[in-house]
Amino acid sequence: MKYSGFKVLWEGLKGNTGWKPMWRKPDPKKNYDIIIVGGGGHGLATAYYLAEKFNITSIAVVEKGWLGSGNIGRNTTIIRSNYLLPQNQPFYEFSLKLWENLEQELNYNSMVSQRGVLNIFHSDGQRDAFVRRGNAMLMSGADASLLGVDALKKLVPFLDFQNSRFPIKGGLWQPRGGTVRHDAVAWGYAKEADSRGVDIIENCEAINFLVKNGRCYGVETTKGVIKSKKVGVCVAGSSSQVMGKIGINLPIESHVLQAFVSEGLKPVIPGVITFGAGHFYVSQSNKGGLVFGGDIDGYNSYAQRGNLPVIEDVCEGGVALMPMIGRARLLRTWGGIMDMSMDGSPIIDKTNIKNLYFNGGWCYGGFKATPASGFCYAHLLATGKSHHNAKDFLFNRFEKGRLIDEKGQGNQPNLH
Amino acid sequence: MLIDHPLLGLRDSSEFIYMGDAKLLNRPNWKSKNSKTKFIDYGYLRKNPAGLHKELWYHEQGDRSWLVVTRNTVTHEILKVELARYLKRKANAK
Ligand SMILES: Cc1cc2nc3c(=O)[nH]c(=O)nc-3n(C[C@H](O)[C@H](O)[C@H](O)COP(=O)(O)OP(=O)(O)OC[C@H]3O[C@@H](n4cnc5c(N)ncnc54)[C@H](O)[C@@H]3O)c2cc1C
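Protein chains in written order, with numbering that gives the first Met the number 0: chain A, 0 to 415; chain B, 0 to 93.
Just so you know, the hints here were simulated from the structure itself, not pulled from any lab data.
Errors might be hidden in some of the hints.
To be verified - Result set (DSS-like, lysine-lysine): computed pairs, CA atoms no more than 27 Å apart in a straight line:
id	chain 1	residue 1	chain 2	residue 2
1	A	Lys353	B	Lys37
2	A	Lys353	B	Lys46
3	B	Lys46	A	Lys399
4	A	Lys406	B	Lys37
5	A	Lys190	A	Lys28
6	A	Lys353	A	Lys52
7	B	Lys46	A	Lys63
8	A	Lys211	B	Lys46
None of these values were measured; they are calculated from a predicted model.
Using the sequences and the hints, build the whole thing.
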């Protein structure tokens, strides 16, 4: 299925009778070259890049629910490349570059909207830290600039600049950051993977791995046994559950993160804004709702719903930064299960079982990583070697003491 | 969530700080065989179950005791709350 402006007009004239489903609903075959477990953003992107860049099309993506039922359809849609550490920043900048061309590449409108990401700072020490981060961004080829209070007053006049506890001193601004329609990313990758021959099998849960002599040769699913040369696991919040089937303990805890959306309002918030003195971030969706969030709840959870203390904390942060938000009515809140790793950074690596690969540990930041994660995972699955932008996302960094700890918090997942 | 503190009764979970899997109570002996592997496991690897989980909560805004809470991570239901120091003492006495 090809989309274009002309097609939209033509279908409008024909009463929209010619649109077709974007992907097939195939039954699993007996054999594939590669099985991807988990049809979230990362799994679908991996399948697409395997087909597009590495010419491997005998692929099944097995998804236990429907496409978009996991975190890809639950996140707050922010994309950015404003990391500090050299193991992370080039990867996220690679991802941002892929986002910039994604809609053309997938022939699908995923509403990539580069409205800018603004991180507010409130103290001299925080300013120094943001200058350093901005320089790291520039060195990786990303864009960054430091805005003073005057510039901020023009850009976001509604902030509480004179807040007596946390006065606003400026912000780190990445104009190329922004938001993307999250589930359209899953649909776009699914459409293009499917059209290259990838079988996307929904309502098909992987229940165990087929392993013999230390080699994985397929997956047992609720739709029967499927064999393959390689298996790539990519199940985000369910990582420990899935890898636990073959006794692998991961450096990951699952935590719940909540998100919030207000009633639809006229355009008021230009890009993404983050509070520097508490945990609160906000953007405005194309439909007008204010989409915002803050900290994870902080305890292991698979419940896909959070508790009230965090809701209170997020709302307090919002009102401290922009008092006007107190007038908006909350429409919905929901939660998603995050694969929080021990150092806050992801893993894209082989496992100690041959032909079994793992991608996970994305914490609350894996949406922006979707294209690069898919690309680098496809590279690893196809060539057996790590992509140069993901060469440090390995299991053995924990035993080697080479943690990638952006926040410097140590091995406690709920602090990242 | 309300945590039924053995000494103080029902307390709001936001008075506590969460430290994760209660396996942290059993620090490996550095002189033991394979202590490196044991410490990697202790420091970094977690079972992370969906279901019953024994975990450490620290009553920072209360009596500053460490509790071992048995909680269902799928429903958030709390089934058992014990003082970590009693458990430890009991284990050491054995
Ligand atoms: C509230 C919230 C806000 C967020 N905000 C942002 C943000 O602003 N920016 C950002 O970059 N990131 C954000 N994230 C994080 C981001 O959404 C995730 O890191 C990312 O989506 C995870 O990758 P995924 O899309 O592959 O995961 P998922 O969509 O969760 O995919 C995993 C899939 O695996 C499937 N699965 C699980 N077990 C099995 C099995 N046994 N067999 C088959 N399939 C299985 C699941 O059903 C699921 O569909 C947010 C997350 C949440 C919850």
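Structure-based check of each hint:
1. A:Lys353 <-> B:Lys37: OK: Lys353 of chain A and Lys37 of chain B at ~24 Å, within 27 Å.
2. A:Lys353 <-> B:Lys46: holds, 22 Å
3. B:Lys46 <-> A:Lys399: Holds, at about 21 Å.
4. A:Lys406 <-> B:Lys37: holds, 26 Å
5. A:Lys190 <-> A:Lys28: holds, 19 Å
6. A:Lys353 <-> A:Lys52: The given pair, whose Cα atoms are some 23 Å apart, holds under the 27 Å limit.
7. B:Lys46 <-> A:Lys63: holds, 21 Å
8. A:Lys211 <-> B:Lys46: With Cα atoms ~23 Å apart, Lys211 of chain A and Lys46 of chain B stay inside 27 Å; holds.
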